[in-house]
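K.L.:
Chains as they are written, first to last, in the working numbering: chain P, 383 to 743; chain U, 383 to 743; chain X, 383 to 743; chain V, 383 to 743.
In case anyone wonders, no lab produced these hints; they're calculated from the structure. Note that beta-carbon positions come from the ideal geometry of N, C-alpha and C, so glycine has one too.
Restraint-style ranges between C-beta atoms, simulated for each label pair: (1) 606(U) to 465(X): 53 to 61 Å; (2) 737(U) to 399(P): 38 to 46 Å; (3) 392(V) to 507(X): 52 to 60 Å; (4) 737(P) to 498(U): 32 to 40 Å; (5) 578(U) to 557(V): 34 to 42 Å.
Heads up, simulated BS3-like pairs for lysine-lysine below, C-alpha to C-alpha not over 30 Å straight-line: (6) 655(U) to 732(P); (7) 389(U) to 534(U); (8) 478(X) to 524(X); (9) 534(P) to 720(P); (10) 667(X) to 720(V); (11) 740(P) to 740(V); (12) 740(X) to 468(U); (13) 464(P) to 524(P); (14) 583(X) to 606(V); (15) 740(V) to 468(P); (16) 583(V) to 667(V); (17) 468(P) to 478(P); (18) 524(P) to 668(X); (19) 732(P) to 583(U); (20) 478(X) to 661(P); (21) 464(P) to 667(X).
The lines below spell out each chain.
Number of protein chains: 4
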Amino acid sequence: DYHERLKNWLLYAQSQDITCAGALTDAKGNRALPPSMQKDPDLNLRVVEVRDDGIVVRGAKCMICGVAAANEIFCLPGGAYKEADKDYAVAFVVPKDIEGLTIVETRRPSDMREYEEGFDIPNDIGGITQAYLLFNDVFVPKERVFMCGEYKYCLNVIQYFTSTYRAAIGGCVAGQGDLKVGASIIMARANGLSIRTFYDKLIRMQINNETTFGMGVAASALGKEHPSGCWLCDSLLANSNKVHVATLPYETNRLAQEIAGGIGETGCLPSYKDIMDPKYGSLIKKYVEAGLDWETRARGARLVEWLTLGPGVPGCMHGGGSPDAARLMIRVSTPWEKWVELAKRVGGIKADVPEPPKPKK
Amino acid sequence: DYHERLKNWLLYAQSQDITCAGALTDAKGNRALPPSMQKDPDLNLRVVEVRDDGIVVRGAKCMICGVAAANEIFCLPGGAYKEADKDYAVAFVVPKDIEGLTIVETRRPSDMREYEEGFDIPNDIGGITQAYLLFNDVFVPKERVFMCGEYKYCLNVIQYFTSTYRAAIGGCVAGQGDLKVGASIIMARANGLSIRTFYDKLIRMQINNETTFGMGVAASALGKEHPSGCWLCDSLLANSNKVHVATLPYETNRLAQEIAGGIGETGCLPSYKDIMDPKYGSLIKKYVEAGLDWETRARGARLVEWLTLGPGVPGCMHGGGSPDAARLMIRVSTPWEKWVELAKRVGGIKADVPEPPKPKK
Amino acid sequence: DYHERLKNWLLYAQSQDITCAGALTDAKGNRALPPSMQKDPDLNLRVVEVRDDGIVVRGAKCMICGVAAANEIFCLPGGAYKEADKDYAVAFVVPKDIEGLTIVETRRPSDMREYEEGFDIPNDIGGITQAYLLFNDVFVPKERVFMCGEYKYCLNVIQYFTSTYRAAIGGCVAGQGDLKVGASIIMARANGLSIRTFYDKLIRMQINNETTFGMGVAASALGKEHPSGCWLCDSLLANSNKVHVATLPYETNRLAQEIAGGIGETGCLPSYKDIMDPKYGSLIKKYVEAGLDWETRARGARLVEWLTLGPGVPGCMHGGGSPDAARLMIRVSTPWEKWVELAKRVGGIKADVPEPPKPKK
Amino acid sequence: DYHERLKNWLLYAQSQDITCAGALTDAKGNRALPPSMQKDPDLNLRVVEVRDDGIVVRGAKCMICGVAAANEIFCLPGGAYKEADKDYAVAFVVPKDIEGLTIVETRRPSDMREYEEGFDIPNDIGGITQAYLLFNDVFVPKERVFMCGEYKYCLNVIQYFTSTYRAAIGGCVAGQGDLKVGASIIMARANGLSIRTFYDKLIRMQINNETTFGMGVAASALGKEHPSGCWLCDSLLANSNKVHVATLPYETNRLAQEIAGGIGETGCLPSYKDIMDPKYGSLIKKYVEAGLDWETRARGARLVEWLTLGPGVPGCMHGGGSPDAARLMIRVSTPWEKWVELAKRVGGIKADVPEPPKPKK
Ligand SMILES: Cc1cc2nc3c(=O)[nH]c(=O)nc-3n(C[C@H](O)[C@H](O)[C@H](O)COP(=O)(O)OP(=O)(O)OC[C@H]3O[C@@H](n4cnc5c(N)ncnc54)[C@H](O)[C@@H]3O)c2cc1C
Ligand SMILES: Cc1cc2nc3c(=O)[nH]c(=O)nc-3n(C[C@H](O)[C@H](O)[C@H](O)COP(=O)(O)OP(=O)(O)OC[C@H]3O[C@@H](n4cnc5c(N)ncnc54)[C@H](O)[C@@H]3O)c2cc1C
Ligand SMILES: Cc1cc2nc3c(=O)[nH]c(=O)nc-3n(C[C@H](O)[C@H](O)[C@H](O)COP(=O)(O)OP(=O)(O)OC[C@H]3O[C@@H](n4cnc5c(N)ncnc54)[C@H](O)[C@@H]3O)c2cc1C
Ligand SMILES: Cc1cc2nc3c(=O)[nH]c(=O)nc-3n(C[C@H](O)[C@H](O)[C@H](O)COP(=O)(O)OP(=O)(O)OC[C@H]3O[C@@H](n4cnc5c(N)ncnc54)[C@H](O)[C@@H]3O)c2cc1C
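Generate coordinates for the entire structure from the input sequences, incorporating the hints supplied.
P.N.:
This is the structure we're talking about:
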C-alpha cells in the first residue's frame, strides 16, 4: 500500500503547505563499489531494523539543497541496486527535527561575507544552501515509508526523478542566465559602454539560456503519461539537456566576466568596509565611479562575482547527477541499431553489420 | 481579398496534390543596399507591370531547393522593405512551366559522379537540388497574386516564415544526424571496431541531434496561434535553434569523419571503376576488406563522404537565412531591459541604469 | 636621458634584489572616453606638476597584482594617448612606502577563510593579491621618471608590454593547469576511481595547458630583438595566446569540477570546524572517507574549490588586458590583404578586390 | 649498416633532386588485431622473402599523398610491432616504376570537374592526390632496405615520424587557413560588404591559424637533438597540435562558409557551362554580379567550395595519424604523477595518493 501511503502524505503535505527537500545522494564511499561492498555498510543510507510500526535507518545524505528552508525531507535511494543491496532500497519522508538526525550545512564560496555588513554579498533576497544529513538510527513510522527492500524499482525511481529534474533544471539555469545577462549589461553601462558594444557576447549568452530552457520544454512536451497519472519527461531530451546544463552556464559565466572587466572577474574591488572608510573611502568612490555612479558599479561587480564565483553559483554540473551519468542514460536510450538500419538503407548496404566478436584473451 | 485567393489556391493545391517549392531568396546584388538602390533594379524580383488581370514580374530567385521535384513555385519577398522598395513587395505562386521562367540547376559537390556507374554516389533514393529561377517578364494571373506593393507586411511574412522554418529545420537536421551516427557505427564495425570504442563521440553526435530536434519542438510547443488559425513558432527559440543548426552539424560531421578513418574523411578510396577493374580490382578488394566485407566498408565510406563532403551536405548554414540574420532576430526578440531589472532586483541596485548618451562627434 | 635613468635604476634594483609590481591599469572612469575628456581629470594617473627635481602625480592604479610582496611599484601609462592626453603619458618607479600613496587591497573569493583555522583555504604557501593604489599628489624624483609627456610612445610601451605579457602568461596559466590536472587525479582516487576513468577529460585539460604554454613559447621563439637589446615577442602569436588564456582555463576548471564531483564543484562540504567538532565531527569524517582517507578527500576538494572558485582563481581573463584588446591587436597585426592576394592567386582571380566605398548617408 | 645505406641513398637523392612520397599506412584489415593475426597476412606490408641481394615485399600502402608527383616511395612500418609481427618491420625506398607495384589513385570530392572546362575547379596550380600502392611481390635491392625484422625499433620510427609530422602540419594547415581567410574577404567584398562586417569571424579564423602554426613552432623550438644529428620535436606539444589540426580547420571552414553565403556553402551556383551558355548565360551573369563583377564572385565562391568541400580539403583529420592516436601519445607523454605531487604540495596533502587496486571480478 505504498501508493496509498504516498497519496495520504501528499494530501497532508498540500493541506499543511509543507516544503520538502529531496535527498537522494548518499555519502557513497568508494565510487567503484556498490553499497553492500563498502568497507562501512553505513556509507549509503540503509534500513538497519524493520519493526512492526516502522523502520530504523542509518547513513548520510549529502549535499542536500534547500534543507534550511524545508519542513520535511524526502529520502530516495541514491542508485539502481541489485539484490545484495536491498537494505539500501528505501524511500521515506521525515520532518527535519526528527530524533537522531543531525544537519550540517556545507560551505559555499565567500560564505563568511554573509556575516559582514554591506553589499560584498550583493543579495539578501535569495541564495541556496546544501546540507549533510546524518541519520543516526532514525525511526521512521510505517505510514511515511514508501519503499523498503524493493531493490528492483530503484532504477525506475532514479529514472523518473532524473528525467524530470534534468528537464526542469533547464529553465532554472536559464533564469540564472537571464540574470547574468542583466548583470552584464549593468556592468557595461556602469563602465560607460553601450549594450551595443557587447551584442555578440550577449546573444551568445541568450542562446545558451534559450537552449537549456528549450530542451527542458521539449523533454516535457514529448513526455508520456505514467499509468499513475504522473507525467514523465522524455529521457533522451532530458539527459541531453543535463549535459548542456553542465556546460553552457560556464560559457555564460565567462562571457559575463569578459563584459564586466577585471572588477567583476575576480571581484577585484576593495571591500565595502574600505569603500566606506572615513579616511580614504571617498578616494575609492571617486575612482570606482565610471559610466554610472560608484555604487551601481560596485554592486554590479559584486553581483557578477556572486553569480560566477560566489555563493550564487548553483551546482549545475553535479546537481541532479553528473554529466557522465546523463551520458550513460543517453547511451542507454539511443536506438543505435535503428540508426544503423537507416544508414544501410540510404547507403545501399545489404550485408549485416554486426558488432565484432569479443576478442579472446 | 488576398486571403480569399490564398485559401482558394490552397484548396486547389490540396485537391491536386501539388508539391511546391518556396522561393524567397533574391539575387540581391550588393548586400549593403536595398533593392531600389541597386545598380540594376532587377536584382531583386519585382513587379514591372500591373495589369487588370494580373502582374508581370522580373528578376531571379536563387538557390531554390526542390524545384526539380515541385509542381509549382511559391514566391515570397526576400526581405523587409520600406516604401521605396514597394515594387519588390510581391508574393505569388506559378506553375514551373510558365512562360518566361528559365530554371537553371546549381552544382553540388561531386555532382558528376551521379552520372557514373556504381556506388561512388552511394545513394539513389534521395538527394536535393537547388535552382536559379530566372523570371524574364513572367505574367502571373491576379488570382495567384497574394501581395503586390504592401511593403509594410514583408517583415511579417519573413518572420512567420523564418520562425516556422527555423523550428522545423531542427528535426530535419537531426534526422540527417541520426544517419551520420548510423554511418559512423557502420564504419567502426567495417574497420573491425566495436561501437563501444566510440561511445563518447557517438553520444556527442546524438546530443547534437537531440538539441536541434528539441529546440524545434520547444519553439513549436511554445508557439502561439495567429488570428488566421496558423500556428506561429516562438521566435527566440526558433532563432536560437537556427544558430545551432548552422553549427552543430559541422561538429557531427567532423566526428563522423574521425570515427570513419581516412577512408571516409576525404573519400580516400579508389573509384568503383577501379575496384571493379578486371586486372587489379581484386587486389583492391582484398585490401579494402577489414572488419566487414569490402563492399560494406567501401559503401560505408562513400556514405560518410556523401554526408559530410558530398551532395548529401544540406545547406544548414544558410538555408532558411544566415546565422547572423537569426542572431539579429534574437537581438530584437530578447527583453534585455527586463533582464536588467531582474539583475537590479537581485543585486540591490536602486539607481537607473540607462544607456550612455551617444557620443558627439 | 630616460634610457640612462632606467639603466641606473635597473642596476640598483638588481643589486638590491628589488621586487617590483607593474602598474598600468588606471581607474579609467568612462571607458568610452579618453583621459582628458573624463568628468574628473584624475581618473587616469597624471602629472599635476613638473618641478626641476621631479614630478607630482595624482590618480589611481587599480587591481595591481603582487603589491603586497613588492618593494617598489613601476607605473606605466595605461593606454595609447593623443596629444590632448599628454599629461597622462607618464612612467616612473616608486617605493611602496612613498608619501601620498595609499594602498588598498581588493577582495578575492572566500578571502575571509584565510583568517580561519584549518584547511578550508587549503594553501598557505601561495596566493595572489591585487591592490588599488591611490596616488594623492605623490612626488617622484627626476631620476625615477622615465616618461613624462611623450604621448607618442605610449602605444609602443603598451605593445612591448602586452606582447611580452601575453606570451609569458601562457606558461603561467599552464602551470596552474598542471595543478588542476593533479588535483583532479587526487579527487578521482579519493573517490575510489582510477585515473583511467577520466583520461579523455584529463587529456583535454593537458592539451589546454600545452596550448597556452606552446603559444607562449612560439611567440618568444619568433620574437625579434629591439635595437636596445630587448627581446620583443611576436605580436600575432602573443595576442592569439591571450585569447586562449582567457578561454581555455575556464574549460579546464569545468573539467576539474566534473571529475571531482559535487564536493569540489561548489566546495559542497562541511567546514573544517564542523569536521573537527567533538560531537558530530567523527560522523562527518566517516561519511567523507571514500577511496582515500577523509582528510585527503576533503583537502583535495578544497583545492579544487580554491583553484576554480576561490582565491586561487587568477585574473586570466583581464590580467594583461581584455581579450577584446588582444583581438584588436590581432586585427591590426594580421596582413589581411596579403591573404586576399594569396586567395586570388589560388582561385585564379584577376580583378581587383577593393573594399566597398563607404555608403553615403 | 642501415645507417650507411640510408646516408648513401640520401646523398644520391639530393644529387638527383629526388622527390619522395612517404608511405606508412597499411591496408591494416581488422583494426583490432595486429598484422600477424589478420585473416590475410598481406593486409600489412611484409617481407615474404629475404634473399642475399635484397628482399621481396607484398601488401598495400594506402592513401599515400603525393605519389603522382614523386620519383620514389619511401616505405616505413605502419605501427609499433611485437616479435610475432617481425616480418612487418620493414623500411625501404623504391622508384615508382618498379616491377610488381600497381598504383591506383583514390577519388577526391568533385574530382570529375577537373576534366571539365572552366573554373568549377578554380585552381590549376595546385592540388593533392592520394594513392593505393599495391605491392605484389616487389623485389627491393639490399642497399635500399633500411629495416628488416628489427621490430623493436618500429615504435621509435613511428614516434620520430609523427612528432615531426604533427609539428610541421601545423604550419601547413595554417597556410591553408590564411587562404581561407583571403577567400572569405573576397566573398564579403564580392557580396558588397566590407571586411569590417566580419572582423569577429575573421579574427577567430586567424587565431585558429596562429594556433596550429604556433604549436608547431613551439614543438620544434623545444625539440631535442638525436645523437644522429636529427632534430626531434617535442612530443607533448606536437601531439597536442595534432588534435588542434584535426579540429580547428573545421571551424575555420564553417566560418568561411558563413561569410561567403549560400553561394559558397554548397557551391550553390550554376555551372561554368551554364554561365557561359549563349542563350541564358548572360542572365545568370547579370544575377551573379553583386559587390564585384560576376566572375570574381563566381570564382570566389568556387574557391570557398574547393577549400571547404572540394578537392582542396586536405586530410587534416587523419593525415599523420588519427587524433585518438595523438591523444594516446599525450597520455603516454604527460607526467601525470608529477602533477599529483604538485597538487599535493599546494593543497597540503601529506598522504599517499595511489591508484585504487584493480577490482577482483
Ligand atoms: C550544489 C549542489 C546541490 C545538490 N543538491 C542535491 C539535492 O538537493 N539532493 C540530492 O539528492 N543531491 C544533491 N546534490 C548531489 C548531486 O546529486 C551529486 O553531486 C551528483 O549525483 C554526483 O555525485 P557526487 O557529487 O557524489 O559525485 P561522484 O559520484 O563522486 O562523481 C564524481 C565524478 O566521478 C564519476 N563517477 C562516479 N562514479 C563512477 C563510476 N563508478 N564509474 C565511472 N565514473 C564514475 C562521475 O560521473 C563524476 O564525473 C547536489 C550537489 C550539488 C553540487
Ligand atoms: C542548400 C541551400 C538551399 C536553399 N534553399 C532555399 C530555398 O528553398 N528557398 C529560398 O528562398 N532560399 C533558399 N536558400 C537560400 C538561403 O535562404 C540564403 O542562402 C540565405 O538567406 C543567405 O543569403 P545569401 O546566400 O544570399 O547570403 P548573403 O546574403 O550573401 O550573406 C552572406 C553573409 O553576409 C551576411 N550579410 C548579408 N547581408 C548583410 C548586411 N547587409 N550586413 C551585414 N551582414 C550581411 C550574412 O549574414 C552572411 O553571413 C538556400 C540556400 C542553400 C545554401
Ligand atoms: C586578477 C587581476 C590582476 C591584475 N593585475 C594587474 C597588474 O598587475 N597590473 C596592471 O596594471 N593591471 C592589472 N590588472 C588589470 C587588467 O590589466 C585590466 O583588468 C584589464 O586591462 C581590463 O581593464 P578593466 O578591468 O578596466 O576592464 P574594462 O576596461 O572596464 O573592460 C571591460 C570590457 O569592456 C571592453 N571595453 C573597454 N573599453 C572599451 C571601449 N572603449 N570600446 C569597446 N569595448 C571596450 C573590454 O574589452 C572588456 O571586454 C589585473 C586584473 C585582474 C583581474
Ligand atoms: C588525405 C590523406 C592523406 C594521407 N596521406 C598519407 C601519406 O602520405 N602517407 C601515409 O603513410 N599515410 C597517409 N594517410 C593515411 C593516414 O596516416 C591514416 O588515415 C591514419 O593513420 C589513420 O588510419 P586509417 O585511416 O586507417 O584509420 P583507422 O585506423 O581505420 O582509424 C579510424 C578510427 O578508429 C580509431 N582506431 C583505429 N584502430 C583502433 C583501435 N585498435 N582501438 C581503438 N580505436 C582505433 C582511430 O583512432 C580512428 O578514430 C593519409 C590520409 C588521408 C586522409
